[in-house]
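Novice: The lines below spell out each chain.
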Amino acid sequence: MLRANLSTRPFYNERLVTLTILLVAVVALALTAYNGTRLIALSKQRSELKSAIDQNESQSARIRVEAERLQKSIDRATLNVVAASTREANQLIDARTFSWTGLFGHLEKTLPYDVKLVSVNPTVEKGTLKVVMIVIAKQLDDVATLIEALNGTNAFLDVVPAATDLNEDSTYIARLEATYFSAREAKAAAAVPAADVKPAAAPPAAPGTPPRASSGQGGSR
Amino acid sequence: MSLTGRIFTERRGVVLPVLLLLAVNIGVLLLGVLPMQTSVAGLETARDSSMLTLSQARNIERSAKSTLTSRQRADVELAKFYAEILPHDLVTATKTTNLWIQHAARDAGVTFTAAAFDYVPLRDSKLTRAFARVTLSGRYPNIKKFLYALETAEEFIVVEKVELTEPGGASTTQQGILEVSMTVATYYLTPPGAPSSASARTAAGAGVTPR
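Residue numbers (this note's numbering), protein chains in the order written: chain A, 49 to 269; chain B, 425 to 635.
These are computed hints drawn from the structure, not numbers from a lab.
None of these values were measured; they are calculated from a predicted model.
Positions of the beta carbon are idealized from the N, C-alpha and C atoms, including for glycine.
Incorrect hints may have been included.
Claimed, not checked - Here's a subset of chain B near chain A, in silico, CB distances under 8 Å, partners left out:
id, residue
1, ILE431
2, THR433
3, VAL439
4, LEU446
5, GLU485
6, LYS489
7, THR493
8, ASP499
9, SER549
10, LEU551
11, VAL582
12, LEU588
13, TYR611
14, GLY617
Unchecked claim - Each pair of labels, with its calculated beta carbon distance range:
id, chain 1, residue 1, chain 2, residue 2, range
15, A, TYR161, B, PRO616, 52 to 58 Å
16, B, VAL438, A, GLN103, 49 to 55 Å
17, B, THR433, A, LYS98, 48 to 54 Å
18, B, ILE450, A, GLN119, 54 to 60 Å
19, B, GLY533, A, GLY200, 29 to 35 Å
20, B, HIS527, A, GLN119, 47 to 53 Å
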């Protein structure tokens, strides 16, 4: 059996070769199109980005110059003085709008019978209204009852007996400190006293009962 | 000659331009398109950075403008507060803390017992605090009425402290009468070159006003 091809120009699959060349040509053309479009798009994008960067940089430089000019026009020392004055004015307004009748309204409702109120002193500390009350009670339990009652209201928070001392007459004098935060309720209550304070009012029941005052033995602080 | 060589030789006219075109395109892709893509990505980062810088600059400008506006508004409000809300001077402040309170006490049915007036320029402040320690006596409803009058007054009066006492050995007619000591204060703009508290007190002769 003959195995060798004795033809000087043997046949080959021409269709396959043509197809391969055609395929390579298509790939080359596609790559050309891709490169062309990408180059155009990237060039455009690059010029747009450069333009945007230039614009942003010039704008920020202009704004910074303007901001510096504004900041220089503000005298820091004067600004601090104005800020301090504003804080002070706000504190004064807070103190002015404090409702004593509202506070007394709350105390009327909470003061036990055997506890006498000696002094009340509200102060504003870091934006919080602190109330210091000096009370005289026959028993320490009465002070505890008062603290519980005050804590039970919506107006007082963290009522603490800062100091308690025994008087010569066997009564107790206690200094209570509390955060008083019911400015709105107090204002609402302040609208009531006109009715509350009618001179001819009969001795009222619990809500209208005045806080009992001390008989002078513990009034000084 | 191999079959590949023969095919190349026979079809050189087509194969060569196609291969050349392919090679050129690969070259353009590697040397042109890809580096440009990297460059554009870098520019995008630079643009984002420049936008951030711009945004920061705008914030600084906004903050400066806001500070300036706030300061101007605070100046106006403070001037209004000092001129229209607070007493103008010591005389007005004295009237507020003494005379007005006496009238309010009378209207509320409370007896004005005594008052001690003083004033002191506040430290690190433009204001002077004019204050009086006032002692009153009356029934609780009247005292509350008096406090309500102080709260609703047009005058700028701050009740700083209230002390209540029941006078010892009260007679039958005095039962239910409370003695109230309160510190009331008002504030006014310290005039330029005003004397210090101590010397001012001496000059003005301020002191206890028993009733």
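Novice: Each hint: holds or not?
Specialist: Consistency of the hints with the structure:
no.	hint	result
1	ILE431	holds, 6 Å
2	THR433	violated, 12 Å
3	VAL439	holds, 6 Å
4	LEU446	holds, 4 Å
5	GLU485	holds, 4 Å
6	LYS489	holds, 6 Å
7	THR493	violated, 10 Å
8	ASP499	holds, 6 Å
9	SER549	holds, 6 Å
10	LEU551	holds, 7 Å
11	VAL582	holds, 5 Å
12	LEU588	holds, 4 Å
13	TYR611	holds, 6 Å
14	GLY617	violated, 18 Å
15	A/TYR161 / B/PRO616: 52 to 58 Å	holds, 56 Å
16	B/VAL438 / A/GLN103: 49 to 55 Å	holds, 51 Å
17	B/THR433 / A/LYS98: 48 to 54 Å	holds, 51 Å
18	B/ILE450 / A/GLN119: 54 to 60 Å	holds, 57 Å
19	B/GLY533 / A/GLY200: 29 to 35 Å	holds, 33 Å
20	B/HIS527 / A/GLN119: 47 to 53 Å	holds, 51 Å
Comparing the model with each numbered hint stated earlier shows that hints 2, 7, 14 do not hold.
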